[in-house]
Amino acid sequence: MTKYILKRLGQGLLTVFLTVSTVFILVRLAPGDPAVAYAGPLATTEELAKVREQFGLDLPLIQQYWIFLQQLFTGDLGTSYSFQAPAIQVVLERMPYTLTLATASILLTAVVAIPLGVWMSRRPDTKKEFGVNVLTIAGQSMPDFWTGIMLLTFFAVLIPIFPASGFATWSALVLPTVTIAILQIALISRMVRREMTTNFAAPYLTVARSRGVRNSLLTWRYAMGNSAIPVFTALGTRFAAMLNGVVVVEVVFAWPGVGSLIVRALETRDYPLIVATVLITALLAVGVQLIIDLAYPLLDPRIRLGKAATA
Amino acid sequence: MSAQTAATATPAAHSEQPLLEVRDFQVELITDAGIVRAVDAVSFSIHRGETVTIIGESGSGKSTTAMGILRLLPEDLAVLSGTVLIDGVDVTADPKAIDKVRGRTLALIPQDPMTALSPVHSIGNQLSEAIRIAGAASKDPGAVRARAIRLLEQVHIPTPDAQLKKYPHQLSGGMLQRVLIAIALASEPQLLVADEPTSALDVTVQAGILDLLLELQEQRGIGILMITHDLGVARLISDRIHVMKDGAFVESGEVQQIVDNPATEYTRKLLAAVPVLGAWDETPADGTALTTTGASHD
Chain A
1 MTKYILKRLG QGLLTVFLTV STVFILVRLA PGDPAVAYAG PLATTEELAK
51 VREQFGLDLP LIQQYWIFLQ QLFTGDLGTS YSFQAPAIQV VLERMPYTLT
101 LATASILLTA VVAIPLGVWM SRRPDTKKEF GVNVLTIAGQ SMPDFWTGIM
151 LLTFFAVLIP IFPASGFATW SALVLPTVTI AILQIALISR MVRREMTTNF
201 AAPYLTVARS RGVRNSLLTW RYAMGNSAIP VFTALGTRFA AMLNGVVVVE
251 VVFAWPGVGS LIVRALETRD YPLIVATVLI TALLAVGVQL IIDLAYPLLD
301 PRIRLGKAAT A
Chain B
312 MSAQTAATAT PAAHSEQPLL EVRDFQVELI TDAGIVRAVD AVSFSIHRGE
362 TVTIIGESGS GKSTTAMGIL RLLPEDLAVL SGTVLIDGVD VTADPKAIDK
412 VRGRTLALIP QDPMTALSPV HSIGNQLSEA IRIAGAASKD PGAVRARAIR
462 LLEQVHIPTP DAQLKKYPHQ LSGGMLQRVL IAIALASEPQ LLVADEPTSA
512 LDVTVQAGIL DLLLELQEQR GIGILMITHD LGVARLISDR IHVMKDGAFV
562 ESGEVQQIVD NPATEYTRKL LAAVPVLGAW DETPADGTAL TTTGASHD
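Just so you know, the protein sequences line up as chains A and B, in that order.
Using the working numbering, read the first sequence as starting at 1 and increasing by one per residue.
Using the working numbering, read the second sequence as starting at 312 and increasing by one per residue.
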C-alpha cells in the first residue's frame, strides 16, 4: 500500500513538473511583453530594457528555465510583477477563497444531485421524470457566465437579497455557488440516475427484494452502495477541476480567488504569477486525485481485498 | 376445463391447504414488439414436503412463471392474472400482499449465485439483514451473529465464522449458492422457489447443492418449486413434473410416468436430449445412435 502511494505520488509530482514546465515555456513563446504591461505604453526603449533586465527576461530562454528550475526546488518562484510580492504567496492568499467556493459548490451539488438522481431512477420514463430531465438538460446547456449574470440580475439587482460581488459576507457565497452547482447538478444527477437504473436491474437487487428487503434499503443500501464509486469519482474529479479556478464565475462575481487571479496574471503577462498559480492548482488537483484513488478500497471490497481464487 | 377441475380437486383430498396454489396463472409481457403471453393459463399446486418441477427449454416461460409467482417481474412491464395463493395469501389480487410472504413463508434460490449477492456488502452483512427481516432471532447483534453461524453450518459451509466477514467475490459459485440457501433459510420458509439453482455451477458442485436441498426438505418438510431445463435434476428431486412449452404445460404427472411414458413429442425430445456416457464410438455419423441408446438406458 505504501509502495502504491509512493508510486502515485511520484507520478503526480512528475505530472505537476511537466505541466509547470510547459506553461513556463508557452507563456514566453506567446505574444505580449511583460515589460510593456509593467512599464506602460509610454515607456522608452531604455526603460523597457531596464525592466526586462530587472525581471531577468533579457537572458536566453534556456538560462531563464535553468534559473526557474533552481527556484522551483527552493519553492520560490520569484516576485510577481504586478503585486511586487512573492508569486507563491500571492496565490496562497487567494487559495482559501477558491477552496471555499469549490467546497460549497461540490457540497451543494452532492446534496441536490444524488437525491435528484435517485428520485429520477425510481420513476423512470414517467412524465415527472421527463420534466426533471428537461430541466437538467437546460441546466447543462446554460453557459455559466450567462447563468451567473441572470442570477445577479434577479437576486442582487432586481431583488437585492445577495451581494453582487466580492466576499465580504457569507451570503456572498450563495450566488456563485449556485451558478457553479447548476451545471454540476445537471451532470451528476443524470449520472446517478444512470448508475442507479443499472443497479436496480442487477440480479442481487431482485434477490434481495425476494427476501423482503424494504424499498428504501434496496435503494440506498443496495443500489446506492453499488453506485458509490462512479458517483464519488465524478464528484472528486469535478472538485479537483474547480480548484484550478472557476475562472468565468469568479470573474463574473469578482470573487477574489485564483480564477480571477490567473485572468489578471495573463492580462499583465505576469510570468512568475502565472507559473505559481499553475503550480499550486496542479499540486492541489493531483492531491485530490490521489485521495480519490486511495478512497476506492474503502468503497469497494473487490479492490480492498483483491480477487480471490474461485473454484 | 376438466383437467382444471381435476387439478383443484386433488389438493382437496389433502387435509391441509397447499403451500402454493396456482390457478389459471397468466403473464403478459409488454415488449417493443407488442404484448407477449409468456405464461398461458398454468395451474398447479405444491404441498408441504413436495417438490414440483417445471421443466422446459430456454424461452418456454418456466422462469417467468416462477418470477411472476414471486411478483419479481417489473410491475410496469408484466401483467399478471389468475390466482396465486401462497400459504393462503392471494398475491395476484393485491400487489402489497406479497410483502407478507417475502422473507417469511417464501424464499428464492436464484439462478446465478455469482451475481445474486451485493458485491460491496459482506456475506455476514447480507445474512444478518435476512435474519433481522425474518424477525425470528432477537435484534441483539450477538444473537444475530450466532444465528448466522448456525445457518452457515446447516448448509455445510466450513469455518462459518471466518466466512461472515468475506465478500461474495472471495467465495466460489458453489459456496455462494450455499450462502444464498442459508440466507433463504433465515426466515424459516415453507416454500422455496429454486430458479435453475445449479445451472451456473460446475457439474461436480451441482450434486452437492441438490443433496443439500433434499436434506433440508427432509428435515423441515418445506415445499420446493424447482425450475430447470435439466431432466437429470428433475428426475433426482421431483415428486411431480410439469413440462412447459411456449408458456403452457404440455404434460404433467409423476416423475416416473413422464420419464417412462412421455405423452408428447416435446417431452420425448427433452428426454432424448440428455447426454449419456457410453462406449466411445469412433464413427461420428453415429451421433444419433448414441442418444437413442441413452434414451433407452433411461
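Since the hints were made in silico from the structure, they are not lab data.
Just so it is clear, CB atoms sit at the ideal spot from N, CA and C, and this is done for glycine as well.
It is possible that some hints are incorrect.
Far from chain A, some chain B residues (derived; all Cβ distances over 12 Å) [what the hints assert, rightly or not]:
1) 409
2) 440
3) 557
With a Cα cut of at most 25 Å, we get these calculated SDA-like pairs of lysine to any residue [as the list claims (entries may be wrong)]:
4) 476/B to 407/B
5) 128/A to 556/B
6) 3/A to 297/A
7) 127/A to 385/B
8) 411/B to 443/B
9) 128/A to 50/A
10) 476/B to 219/A
11) 477/B to 128/A
12) 556/B to 408/B
13) 477/B to 218/A
14) 477/B to 214/A
15) 450/B to 128/A
16) 128/A to 443/B
17) 411/B to 213/A
18) 128/A to 198/A
19) 556/B to 394/B
20) 128/A to 343/B
21) 127/A to 99/A
22) 476/B to 301/A
23) 407/B to 50/A
Some chain A residues flagged as far from chain B (calculated, every beta-carbon gap over 10 Å) [as the list claims (entries may be wrong)]:
24) 99
25) 128
26) 157
27) 202
28) 203
29) 205
30) 208
31) 210
32) 217
33) 225
34) 235
35) 292
36) 299
37) 301
38) 305
How the hints compare with the structure:
no.	hint	result
1	409	violated, 9 Å
2	440	violated, 7 Å
3	557	holds, 24 Å
4	476/B to 407/B	violated, 34 Å
5	128/A to 556/B	violated, 40 Å
6	3/A to 297/A	holds, 15 Å
7	127/A to 385/B	holds, 18 Å
8	411/B to 443/B	holds, 15 Å
9	128/A to 50/A	violated, 68 Å
10	476/B to 219/A	holds, 23 Å
11	477/B to 128/A	violated, 41 Å
12	556/B to 408/B	violated, 29 Å
13	477/B to 218/A	holds, 21 Å
14	477/B to 214/A	holds, 24 Å
15	450/B to 128/A	violated, 39 Å
16	128/A to 443/B	violated, 35 Å
17	411/B to 213/A	holds, 12 Å
18	128/A to 198/A	holds, 20 Å
19	556/B to 394/B	holds, 21 Å
20	128/A to 343/B	holds, 22 Å
21	127/A to 99/A	violated, 39 Å
22	476/B to 301/A	holds, 11 Å
23	407/B to 50/A	violated, 86 Å
24	99	holds, 31 Å
25	128	holds, 14 Å
26	157	holds, 47 Å
27	202	violated, 7 Å
28	203	violated, 4 Å
29	205	violated, 8 Å
30	208	violated, 7 Å
31	210	violated, 4 Å
32	217	violated, 8 Å
33	225	violated, 5 Å
34	235	holds, 18 Å
35	292	holds, 17 Å
36	299	violated, 7 Å
37	301	violated, 4 Å
38	305	violated, 6 Å
In this structure, the earlier hints numbered 1, 2, 4, 5, 9, 11, 12, 15, 16, 21, 23, 27, 28, 29, 30, 31, 32, 33, 36, 37, 38 are contradicted, and the remaining ones agree with it.
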